[in-house]
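K.L.:
Residue numbers (our numbering), protein chains in the order written: chain A, 1 to 555; chain B, 1001 to 1395.
Keep in mind the hints are simulated off the structure, nothing from the lab. Hints are not guaranteed to be accurate.
Now the in silico label distances, taken between C-beta atoms and shown as ranges [what the hints assert, rightly or not]:
| no. | chain 1 | residue 1 | chain 2 | residue 2 | range |
| --- | --- | --- | --- | --- | --- |
| 1 | B | His1380 | A | Asn365 | 32 to 40 Å |
| 2 | B | Gln1218 | A | Val95 | 50 to 58 Å |
| 3 | B | Ser1131 | A | Glu510 | 31 to 39 Å |
From the three backbone atoms N, C-alpha and C, an ideal C-beta is built for every residue, glycine too.
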Amino acid sequence: MPRIIGIDLGTTNSCVAVLDHRGQPRILVGEAGERTIPSWVSWSAAGQITVGARARRQGITNAEATVYGAKRLIGRKVNADDVSWFARLAPFRIVAAPNGDAWVRVHRQPISPQEVAAHVLRALRKIAEDALGEPVTRAVVTVPAYFDDAQRQATRDAGQIAGLDVVRILNEPTAAALAYGAHRVREGRRVIAVFDLGGGTFDISIMSVENGIFEVLATGGDSALGGDDWDRRMLERVAAEVGRQFHVDLTTTPMAMSRLREACEAAKQTLSIDRETRLSLPFLAEDPRGAPINFERTVTRDQVEGWTKDLLDRLEVPCRRALGDAGVTAGDVEEVLLVGGMTRWPAVADTVERIFHRKPSRGANPDEVVALGAAHYAGILAGESDDAALLDVTPHDLGIKVGDSQFAVVLPRNSMLPVRARRLFATTADNQKFVSIELYQGDSSDITRNRKLGQVVLDDLPPGPAGSARVELVITVNVESILSVTAREIRSGRHASVTIRPSGGLSQREIIEIIRRRQTEHASLGSPFPEPLAGAVRVTTRDHMLSKPDDDDKP
Amino acid sequence: MAEGALSIKLRCASWQQLATIYKRDLSRGAIFLRATTPPVIGTSVRIDLALPSATVIVLTGVVHVHVSDPQRGAGVELLLDPIPTGSVWLIESALASEYKRRTTPAQGTPIHGSPQLPGPTPAINDSADVSAAEQDLIKALMSEAESMRKLNPFLVLGVGYEATDAEVRAAFGELTKRYHPDRFARYESAELRNVAEEIFILIRDAYRRLGDAVARTQLLQSLGKPAPAPHALPAPPRPVPLAPPPRTPRAPGREPGPIAVANPTRPAGRDPAASPAPAKRRSLPTQPPPISAPLDVSPLEDLIDQGRLDEALAAYRVMGKQHPHDRNLRAGVELCEGLLALAARDRFEAAQRFEAALEIDPSNERAARQLADMRRQATHERKGLLSRLMGKKEP
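All chains should be modelled from the sequences, with the hints used to inform the complete structure.
P.N.:
Written out as structure tokens, the structure reads:
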């Protein structure tokens, strides 16, 4: 049985872990000793791709060709509210793909966020292969609980591009709860909260845990709030101070800003433990007379807390709303788990304590718990451990179009997967020849606001007055959110069926095209690391799909 | 095994021979060996039993008693150590499919098994490939799904009609750990995962219908009418425990084996599953249960609950003579026969009896539940075997 790795593919940082031989999840460490890598990808003018910390450093000098936050774009339309917010903020171009998906443009080349994420996944896979000394082809990848089918599928597609068969998409709060061992605390049903304040996003999830079964009751958060905001506040303050003191505008000097930001980030980390620290930046820039600026300053935790007080205030409302959505009070929550590096900040932990009236639980390393949980579940899937089972639910209502634009829900959201629903329909016109059943996903009663998934047409119905032909519709959704729909006319037994896979925006053909392109690029660059074809190790239908276009494309 | 164990090689030339050995000897945890100069009592013996499919099963045991059987001649009776479930299953499934092959009116295939006869379940041996074991697990899961479809939600989850929310959730949790499709993600076969998914959908639907007290009460009311209501609610029939591993004495009163194996002589500590049966024997009433109300079978079911299967069977038969067309009674006979077969560890016979009971009376909950339990156990064993096979395949 090949090993399955667990991956936390984060907005700002990513991490990979595996179950070791004693059944303990363990973070896999890169060559330079890094336990997490920044989810950054940079393209040099020559087309050389760098990933991780090096890419992030290039974000200063090569900002237009350095992409971060691909997770904010993956599986999204370019006109979504928070995508346009991110597009205004990001130094790189975000463009619309022909189908309206949000892509990035680097060196005039449109690139899908799936591809960007695949570069990060590939880097993680390489770390895992180097650490384990064996090929790695299967992974469990985590996503936020609120990700919809398109975002989840796009994440799977990113895995496929990176040569990883994504065996399971796992919710981040669930992974964190697994890593904390929240399912082993005691018998009976418990309500827990997972408070995840990462680099770029804030997520709060209310979950119930019983008998090793996890259920996400409600989620909330603020996708525009994270540790980066704390860094940015510090950077703005300090840069302004340098400006006043030395009469220079540092923002025009990318190298200086880069150094200052790294210094601020380090200072923030120190201040999570100590009450004060020292910023020391010799030769930061030149003043108007050409003299070097040697900047030195003491920063205290109190000062930083003063600069960022409003950020703390933004934590409370989403928590209250999530509690309300879950139908529980703060008093019902038995445990609050902290996830994400920013929860190390004492004021954040204090805020959590104030909201939930209890001291939050702190893992050894909040940056790593999600990846550790993913590795734990990977072990369960591989049959190496079996103390938990995860139940996924449908994220949105699933139904069909009735009348002109009405939405009849067949499977309400939060239905536990896998699930099967049956509905009986009658013809509405005399001698109706066929029925066309259109499937939609969404939470609006107005069908035009929901997403069409596909349709199934049943024709050659037996003639008769309206209502005489009865059609039974059976919808099955499996754990991978793949929909099988069958329509059957009861009397004649005629039936038609269709299988709908969630689409992440890229077709199988496009994915294969990306993989092939990547392989030829590698060949021309003479890379020492040959890329195996995605999923090539496992004999699945996917392989057939992969090989077919290859043959077609042969000149 | 102690040093100086006798090593014996036995070869079953045909499936029938294996069936005989299995029914007559193995199923009671002992085996008769012919011997003109019997070894000392207490000698350790190792038997390499070669099946017609060329698989070898290793049995170990000790010489228990010297016997001289008029039909089989002089020899020894060996008490066997518990036979690994994997091996038992191997034999049973081979026999079962061989039986099926024989009973299906084939084009006159010679039924006398010959050594060359390929095993009906091909290549289920330790070196067999995983896919064969997967196929077998699929079959087990399919029959389990089929028997589950006939059960009401309480029976699917295996909880009593009086179960609380917490009990329902706990039962669901236990089944989820076993049947959630993720538990089958490790197997290559997509079909396997699909069948598991079918079962899990049945489980989740049952859970959804029992998940809260209101829905449960409604369901109870709707069940109240068509259900045979064997007792006034609440207690549903508790399943008679499955043949306890590894060995129980045969059900008292049923044709004893050629040699009565006296359980108490087993060395202490070797058989933790001490049987409660002997104690029950003593409380045997001297007359059959009262037959007053013609169709009130609850006294008989009480007998079943108490494990007094022979009495229950006799009573069902007596009553059945008086009411020859009563389906309850006819199904009851099959049920008792099935339970007795189960107690005698003849799972194949038991399954057939339960099926027959269900055919006569599709609403017979006990038979449905027994069948579901047996199939669940079969699935479980196959899963275990498959895991071991896959483990062995590891380089």
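K.L.:
It remains to establish, for every hint, whether it holds in the given structure.
P.N.:
Do the hints match the structure? See the list:
1. B:His1380 <-> A:Asn365: 32 to 40 Å: 38 Å, holds
2. B:Gln1218 <-> A:Val95: 50 to 58 Å: For Gln1218 of chain B and Val95 of chain A the Cβ distance comes to about 55 Å; the hint holds.
3. B:Ser1131 <-> A:Glu510: 31 to 39 Å: This hint holds: roughly 34 Å between Cβ atoms.
No hint from the list above goes unmet by this structure.
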